[in-house]
Each structure stands twice: as structure tokens, then as C-alpha cells.
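> Those sequence lines, one after another, are chains U and Y.
Position 165 of the first sequence, counted from 1, bears residue number 165 in my numbering, the numbering being contiguous throughout.
Position 249 of the second sequence, counted from 1, bears residue number 249 in my numbering, the numbering being contiguous throughout.
In case anyone wonders, no lab produced these hints; they're calculated from the structure.
Don't take every hint at face value.
Non-contacting residues of chain U with respect to chain Y, defined by C-beta distances greater than 10 Å in every case (computed) [claimed, not checked]:
#	residue
1	R22
2	G29
3	G134
Per the computed footprint, the stretches of chain U lying under chain Y, defined by three or more beta-carbons under 8 Å from a beta-carbon of chain Y, are [as the list claims (entries may be wrong)]:
#	segment
4	4-13
5	31-39
6	52-58
7	111-121
The structure presented is a predicted model; accordingly, all values stated were derived computationally and were not measured.
Just so it is clear, CB atoms sit at the ideal spot from N, CA and C, and this is done for glycine as well.
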Amino acid sequence: MRREARESITAFIEARSTSLIRTAYALTGDQHAAEDLLQSALTKTILRWRHVRDNPEAYVRRAMYNEQVSRWRRAREQTTGDPPEIAVRDESGDVDLRLSLESALLCLPPRKRAVLVLRYLEDLPEVEVAEILGCSVGTVRSQTHKAIARLRELVPGLTADLAPIEELS
Amino acid sequence: MTNDLVEDALSQLANRARPVDDMAGRALRSAARCRVRRRVTASTALVVATAAAIAVPVMVLPAVDGEKVQAGPSGVQGGLDKVLPPDSAVSRAAVRACMNGDPTFPGLTGPPTEGHRARDFRLLATHPVKDGRLVFLGSSKGYRTCLIDKDGKASPANRQRRQIAHLWGTGPGRDPWAPDASVVPLDTGGNVTAYGPGGHVKSYEFHAAGRVTPEATKITVRFGKEPPITATISGSWFLAGTVSPAGTKARAMQQSMEIKAYDANGTVIFETTHPT
Chain U
1 MRREARESIT AFIEARSTSL IRTAYALTGD QHAAEDLLQS ALTKTILRWR HVRDNPEAYV
61 RRAMYNEQVS RWRRAREQTT GDPPEIAVRD ESGDVDLRLS LESALLCLPP RKRAVLVLRY
121 LEDLPEVEVA EILGCSVGTV RSQTHKAIAR LRELVPGLTA DLAPIEELS
Chain Y
1 MTNDLVEDAL SQLANRARPV DDMAGRALRS AARCRVRRRV TASTALVVAT AAAIAVPVMV
61 LPAVDGEKVQ AGPSGVQGGL DKVLPPDSAV SRAAVRACMN GDPTFPGLTG PPTEGHRARD
121 FRLLATHPVK DGRLVFLGSS KGYRTCLIDK DGKASPANRQ RRQIAHLWGT GPGRDPWAPD
181 ASVVPLDTGG NVTAYGPGGH VKSYEFHAAG RVTPEATKIT VRFGKEPPIT ATISGSWFLA
241 GTVSPAGTKA RAMQQSMEIK AYDANGTVIF ETTHPT
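Start from the sequences, fold in the hints, and give me the full structure.
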């Protein structure tokens, strides 16, 4: 690899790795899995650097989302355990609500979680979310709808705090 | 309201992420390993071509009592057909476990023909590993390796439909292996065997498989700095491998592989190290 390419790759990763590891953590819910996911996505990006150097971050993010969904599909074959226990909301405050919601987010399948991460953490418009996930805008809307519905099921006390689902799209 | 709640929860989740030391270095090294693997795959194809051109006719000649082996693709296939072991119940069980449908041969188009179907494959060699065994399967057209557990079930990565098999002796590439008539490594490398609940890699298998002539009585394979493993030699074929949990040890094992072959006197008659 040429020295200039190596230097620009290093500069890009050093500048963006903090933001990217946050996204990876939100997708996986685990530090080691997040590092593994990010490294895998960065490796793919480096291998295609000549084609993606104009906007490498978009490629990394797309690689992360696709990889996470693929891994989950593969893992699903061998993992049939019960979902993690969700903390029941204590009426005393929002801290419990937030903790319950965080646990519930980790119970969502990666594609649904990815839609929420892209829309609410990354604050991307539906069109961009659809482009990254390789699906239609309608699918993004329906996945968001289903994800929120699932969150309501997992955190029953949350219903009162949530706006009607229709408001989301 | 919903937006704020979900956004806040996701932010809190993301805030738990710790910065990663030297992610650039890790990614660059990982990409370099990928490039090496790609080169080795291409190079292995050339080794197979060399094996087909030299080793196979040499091995087949006694069987055909001096008759000339046909040159060209049909000669290669015909020659390999003669050194494939006969079908057996054990062979069929291994093929059944590892082949979910007929295999896919990268670069090959058109309907499957003789040697392309799962039923055409035979068990060439088997090697015990922790909680199971590795198997080396081949047909007159191609080959693949696979991990089977102690219950005879293939690892999850090997249960997908239409597994990839590699054609004997096709593909471009240079030869870094310095092939020797006594040992011809054909399939070397590693694969993911299992994923954890979070989707991260749980374990890998590493293997080396290939052709061997009678003068080599012992073959050892060393992955990284781990102790050498004695390969199983089965007729004209050999196979060695091991399974390792993901982690530092597995990463080190991906870095290098050393294959040595010995004759009956214990003299090293073949040696290769990858990457060179």
C-alpha cells in the first residue's frame, strides 16, 4: 500500500474512530463486539480505499450495519436463549425508565435496532437510512414502527410516555 | 417525546463505548492479512495446476501400467478420479454433513456435471480436533474442508446452503510455496466456526490439507507459535488442523503457518512457511 494512502487511512480512522465506536456499541451493546464490528468494517473499507476515499465514513457505516445484521442472522441459528431480563420500571423516576429502555433496545433484532440508531442517534433522514440499509423508505418506516411497538411490549410502563406510533413516521 | 426518549437511551448506550487504542493499526494489519489470504488462494490454485501437471500423472502411471495419461482438462480430471478413495458409509456421512445441497464452484457457470455434485465427493482425509474432526473432501472436479462435531454435525458456518468448493488446478497467481513433489499443500487457512450471542466471532478452525507422495511418512503443521501438529496422512492426502477460541492466540495463529514433511529416516524432505 502506498504511503499516502496509508497516511490518509490512519488520519481518517484516528479522527472518526471515537464516533464510530459509539455507533458500533449502540448496535452491539458490547465493547468487544463493537471493536470487532468496527475493525471488520474498517478492514473492508481499507481494501476498497481507492473507490471510497471520497467519503469513507459512509462506507464504514454501511459495512457496520450490514455486517451486524449478517452476524445476527448467522448467530440466530445457534442462539436460542431467552431474551435478557428487562428491568421493570420503578415509578420513582426516569432513571429506571431509561435503564429499562436501554435493555429493551438491546433486545431488538439488529435490523430494527439499526433503524433506530440511524434515525435517532445519527439523526439521519429516512432516505439516507434506506440507502444505508439497502431497503425502501417504506421499509424503514415499517421497521421503525415495529421497533417502537416492540419497545412498548418490552417496557410496559413506557406506553404512557410514548407518543402515538403514527407520530413517528 | 418518543424521539427524545429513544435518542436519550441510545446516547446513553453509546456513551458506554470506550475509545479503542490503535484502531488504525489494527485495521491496517487486518487488511494486510486479508490481502495475503487472497494472494495465497490465488497462489494455491497455481500449485494445484502444478500438481495436476506433475504429481498426478506420476502417481497414476503405475496404475495404468505405462499408458499415457491424457493431457488437458479431461486428463486432469480422469487422473484425479483414479486417486480418489472409493465410496463408503463413513465418506457418505461426512459429505452429507458438510454439503447442504450441491457445492458452489466460484467462477464456474452452467448446470452441475460429473464431479460438481455433492454425491460425487469422497472423504479424502480426516483429522481429530477438540470436540470433533476436520474433514477433507474431494471429487474429480474440486475439494473443500469442513469441521464436524462429535455428533457428526457440521459447524454452523458449514451448514449454509451451497458451500463453496474449489476447483482443482484453475485460477491465476504466482507460487510462493516452492512446491515439492513429496508434499503439495492445496487448502490452507482458517474459517470461523462459531459466533457468540452478540454476533462476534467465538472460535476459528485452522487447517492445512493437500497431496502427499509415499516418500513422506510424517507431516507436521505449525500455526503461529503453537506446538506443531502431526498431520493425518490418508493414502495420497494429508490433513492437519486445530480449533481455537477467538482472541490473541487465534490472531497469532493467523499470522503464519509452517509445514514440514519427513521421510522414513526422519529427514526433512519438504518445508514451507507462510507468509514467506
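> Would you mind marking each hint as holding or not holding in the structure?
Right, here's what the structure says about each hint:
1. Once the 10 Å rule is applied to beta carbons, R22 (chain U) is inconsistent with being away from chain Y; the minimum gap is 4 Å.
2. Look at G29 (chain U): its CB is around 7 Å from the nearest CB on chain Y, not clear of 10 Å, so calling it non-interface is violated.
3. The claim that G134 (chain U) is not at the interface with chain Y holds, since no C-beta of that chain comes within 10 Å of its own (minimum 18 Å).
4. Interface restraint, the segment 4-13 of chain U with chain Y: holds (4 residues with C-beta to C-beta distance below 8 Å; minimum three).
5. Judged by the Cβ-Cβ criterion of 8 Å, the segment 31-39 of chain U is covered by chain Y as claimed, because 9 of its residues qualify and three suffice.
6. Residues of the segment 52-58 of chain U with a Cβ under 8 Å from some Cβ of chain Y number 0, which does not satisfy the need for three, so the listed coverage is violated.
7. Against chain Y, the segment 111-121 of chain U contributes 4 residues with a C-beta closer than 8 Å to a partner C-beta. That satisfies the three-residue criterion, and the hint holds.
The structure is inconsistent with the numbered hints 1, 2 and 6, although it conforms to all the rest.
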